[in-house]
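**Q** Sequence:
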Amino acid sequence: MHLARLLPLLTLAAATPSKRAEPAPLLSHGKDAKVIPGKYIVKLKDHVDASGFSSVVESLAAKPEQTYDSVFKGFATTLDEAGLKSLREHPDVG
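FYI, the numbering for the sequence shown is -21 to -1, 1 to 73, going by mature numbering (1 follows the signal peptide of the UniProt record, and there is no 0).
Rather than coming from a laboratory, the hints here were simulated on the basis of the structure.
As the structure is a prediction and not an experimental result, all values here were calculated from the model.
It is possible that part of the hints are untrue.
Calculated pairs, DSBU-like style, for lysine-lysine (alpha carbon to alpha carbon, straight line, at most 30 Å) [to be verified]:
#1 10 x 42
#2 64 x 10
#3 18 x 42
#4 13 x 64
#5 42 x 64
#6 22 x 64
#7 64 x 18
#8 24 x 10
#9 22 x 42
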């Protein structure tokens, strides 16, 4: 009886991505780069498929303003400090 209640929770826990050991790097193009505060281009890891992309996007309070899928998988978005921290800890961001 208890196993029947526990099994759906275990499935849900297994589907939830775990945090990274180290946050994803935060890169810029150097001192001459034009930086727009709060705006970020997020690169996803190469193995990320459509459901992984959805998982990353759903973890954000903000929505993608532009998506990229030819040279790399990713998106552009506006984030506050808390959103940036959370995104950098997502295992599919890198």
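**Q** Could you run down the list of hints and mark each one as holding or not?
**A** Outcome of the hint check:
1. 10 x 42: holds, 28 Å
2. 64 x 10: Measuring from Cα to Cα gives roughly 23 Å; hence the hint holds.
3. 18 x 42: holds, 12 Å
4. 13 x 64: holds, 22 Å
5. 42 x 64: holds, 16 Å
6. 22 x 64: The given pair, whose Cα atoms are some 15 Å apart, holds under the 30 Å limit.
7. 64 x 18: Holds, at about 14 Å.
8. 24 x 10: holds, 26 Å
9. 22 x 42: Answer holds: residue 22 to residue 42 is near 15 Å, not above 30 Å.
Comparing the model with each earlier hint shows no violations; every hint is respected.
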